[in-house]
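Since each chain comes alone in its own frame, lean on the hints to assemble the complex.
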Amino acid sequence: MNANGETIIEVEHLVRRFGDRAVLDGISFNVHRGETLVIMGGSGCGKSTLLRHMIGSMKPTSGSVKLFGEEVTGMTEREIERVRLRFGMLFQSGALLASLTVGENVALPLVQHTDKSPDEIEQIVKQKLEMVGLTGFEDLKPDEISGGMKKRVGLARALALDPELLFSDEPTSGLDPIMTAVVDELTLNLTKGSHMTAVVVSHDMTSAFRIATRMIMLGHGSIVAQGTPDEIRNSSNPEVQQFIHGKADGPIPLNLSQEEHKDHQHVRPRPFFGARFRFHHKHP
Amino acid sequence: MVFIGVRAAPMVALTAFSVGVTLAMQAAHSLQSLGAEMYIPDLVMITLLREMGPVLIAVIVIGRSGSAVAAELGTMKVSEEIEALEVMAINPVQYLVVPRFLAMLVMLPALTIFGNYIGILGGWAVCRFALDFNTAGYVMRALESADTWDLYSGMIKSVVFAWIVITIACNAGLNVEGGAEGVGQSTTASVVQALLAMLVTNAVLTGIFFFSA
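Protein chains in written order, with our numbering: chain Y, 1 to 284; chain C, 1 to 213.
Just chain C, same shape as in the assembly (with noise of 0.2 Å):
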């Protein structure tokens, strides 16, 4: 739990700022040739809560976290721990698969909202010092624009990415076979798998969420 969230905040919050300020200039860029800078903060919280928070923040628990757990219960599975759990008549699902489970599916929708509110003050600073903005402007203007369903579409979104990311990490780790080149081998299965899944996962959620009806 410490390590798939406490963790993992700072990262979170360099990449969350980092994005919320690129958004924040490409906005300004476009919408600057149209005269409508007063929109910078509807795209950034718009886009921040609906789609670059979760992705974004999946990714870095993808790469941190999920291939963390995978090689570790590969480890484990190569060292005879888990056989060794079972002698013991511990069930290796209970013990190990789901105190990480839960940890991820609280810990991953957490570092989305926590990512959200710094990306947001990544488009803030964008705003206040670059562009005139004053910050009850900008806070005003970010409140107005969204509603709570961006929030929870998103919130939902990382629910179920955090299912995956752990369903995948867990059993690429279980499954391994043959000694350390096998705890490798399946790591990185398990975060090209985990990727590529929440990418496709994203897509048809959003499609459901927005493009639908």
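Looking at chain Y on its own, in the form it has when it is part of the complex (with noise of 0.2 Å):
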């Protein structure tokens, strides 16, 4: 759409290894002013990590992330802090601090770092939360209101300081299909509207395909293809099309290795479970 505005994100040859095995193996793309960009691929290909060099929160082995034209891989938390200001994060969970009300949730960011008044910011939650449909649940605290609403808030949230940027880690996994519709009418109307631009990790191919206006897709730490909507649609790449089609049959290995899986979890898996059953499933 807006292929050739300002360049938000270069990312240039990223590489992060854990232990011996390379998460994050050579990756390079840029994401441009207004675009959406919807990283896929299957749980334990990198999605996550990727996600976390782009923030800022873990330092690649080496390769350069570029926020704003701003190097964020060697940056000081302080220096990192600055460029947070001007994006948004909405967490799988949506990671709201439980100690605190919904409202107070979207109005965290504005009370530490801006200097309006207690009226302006209460505009400017019921406002937010209006957006992503929850209005009246202000006082309610997040262990009183379901997953998706969670993630709505971590949404509105999110977006309280009007970001240049947002990136999302699967927005829609969890919300029925009309919110999961609401939602990505909202990031369209966004990266039309305010010109502002959005990284989606994406597992929901409806979802991916109705906001994306550029996709990439990520295997065994790199990029197995990347195109507009369509040209992932037509790709003749047959693990794309097992992907997209979620076809059980095709050439994207279904198990990680024990190795694998363990460089994934934090916690080492049980020895009676790791060596029976090789599955992979999300951090919580």
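A portion of the hints provided could be inaccurate.
[Said to hold, decoys possible] Negatives, chain Y to chain C, calculated, CB over 10 Å:
1. Asp25
2. Gly26
3. Ser93
4. Glu130
5. Gly219
6. Asn237
7. Glu239
[As the list claims (entries may be wrong)] Below, a list of computed lysine to aspartate or glutamate pairs in the DMTMM-like style, where the Cα atoms sit at most 20 Å apart:
8. Lys66/Y - Glu77/Y
9. Lys59/Y - Glu83/C
10. Lys141/Y - Glu177/C
11. Lys150/Y - Glu83/C
12. Lys150/Y - Glu122/Y
[What the hints assert, rightly or not] Pairwise CB distance ranges (calculated):
13. Phe18/Y - Gly63/C: 35 to 43 Å
14. Leu85/Y - Glu181/C: 46 to 54 Å
15. Glu130/Y - Gly184/C: 20 to 28 Å
16. Ser222/Y - Ala197/C: 46 to 54 Å
17. Pro99/C - Gln242/Y: 18 to 26 Å
18. Asp162/Y - Pro10/C: 28 to 36 Å
19. Gly207/C - Gly147/Y: 50 to 58 Å
20. Gly227/Y - Val192/C: 52 to 60 Å
No wet-lab data here; the hints were simulated from the structure.
For clarity, every value in this text was computed on a predicted model and none was experimentally measured.
We treat Cβ as the ideally placed atom computed from N, Cα and C, and that holds for glycine.
Here's what the structure looks like:
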């Protein structure tokens, strides 16, 4: 859509190793202003790791990540805070602070980073919650609302400072089809209207094709395919076809080896389970 | 602040009272055989101010608030809340650790003073009702025996303990890895480490305050 616009994200030759295994193995791509980039790929292919490098919470083994033209990989915490004020991030679980109400959660970035009066903040909080369809939920605690609602509150919070760039980690998983459409509409409107740029990690192919202006498919730590939604849809790559059509049979290996599994887990798998079943489950 | 301090007060009171009573009874047992009952208030007072007050109240606070802080921060860590704060450019140390640190630094000494009073009350109860002391005699004797250094040394200990407890608790909480199981392990570790560190420090401080020179 806006391929000639200003480059917002520049990832170059990004490599991240855990032990011997390269979870990210030389990844390069750019994202321009106003684009919505969808990153997809099977569980454990490095999507979340890639996202964490882009937001500066993980340091790469080598390679560079530039946000708004500034190299973030070598930045100190203090420097990176300045960059972080310009983007919002929606976590997979919503990552709301359990001790604060929904309203306070959305207000948090405003309270911490702006000089706005409490009345102004209340107005903005109302407006953001309305955007995600949660009017009147201000005074509930996060554990009193459903997982899908938490995620939408997380989105409202990510948008509180009107960021130029939004990262979303599976924004629509756990949402019903209607709410998925609402969140997708929201992303579309924001990227069109305010020239926000979005990077979305998603498994949800319907939603991905609805919002993406460009897509990247990751596999084995590198980019398997990238292009516009149409190019991806018509890709001749069998891995891509298998993934977007959700087929069990195909070139993508189903199991990670136990070694790989271990690298992805913070907890070591229990020997009994680890030896018998080779499955990968997401972090909570 | 309210959690660490105010809500711990009943528990501190009960503990301190029991300790005061126990001290007085033990003192009575030993001192009576020497005919020196009049020194019971001295013993209760000095033991409480110097040792039992700061240590026991720190034990309670470790079990109650130190573990709670470790578990709370640990849960926040595993549920991505800490990372979310960082990404919102909010420093988790400033936002989460500093208020808890200050609360502990204020409330542990405050609880210790409160506990000292209650403990002395416990000693008084034994003396008054079981040993035929009169109230004025007990109070006079107790006040006479202790000087301000006894109180201050206890307070210094209590501030040092507060610092140890909250540092260990926050550190354990923020370094949790691996889900609910990790939170449990870190919380237990924080309690054990804090207790050990506190007791060893107490021995060292007592050595410095009362055993040297």
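To see whether the hints hold, each was checked on the structure:
no. : hint                            : verdict
1   : Asp25                           : holds (24 Å)
2   : Gly26                           : holds (25 Å)
3   : Ser93                           : violated (6 Å)
4   : Glu130                          : holds (21 Å)
5   : Gly219                          : holds (25 Å)
6   : Asn237                          : holds (33 Å)
7   : Glu239                          : holds (30 Å)
8   : Lys66/Y - Glu77/Y               : holds (15 Å)
9   : Lys59/Y - Glu83/C               : holds (14 Å)
10  : Lys141/Y - Glu177/C             : violated (25 Å)
11  : Lys150/Y - Glu83/C              : holds (16 Å)
12  : Lys150/Y - Glu122/Y             : holds (19 Å)
13  : Phe18/Y - Gly63/C: 35 to 43 Å   : holds (38 Å)
14  : Leu85/Y - Glu181/C: 46 to 54 Å  : violated (35 Å)
15  : Glu130/Y - Gly184/C: 20 to 28 Å : violated (40 Å)
16  : Ser222/Y - Ala197/C: 46 to 54 Å : holds (48 Å)
17  : Pro99/C - Gln242/Y: 18 to 26 Å  : violated (51 Å)
18  : Asp162/Y - Pro10/C: 28 to 36 Å  : violated (48 Å)
19  : Gly207/C - Gly147/Y: 50 to 58 Å : holds (55 Å)
20  : Gly227/Y - Val192/C: 52 to 60 Å : holds (56 Å)
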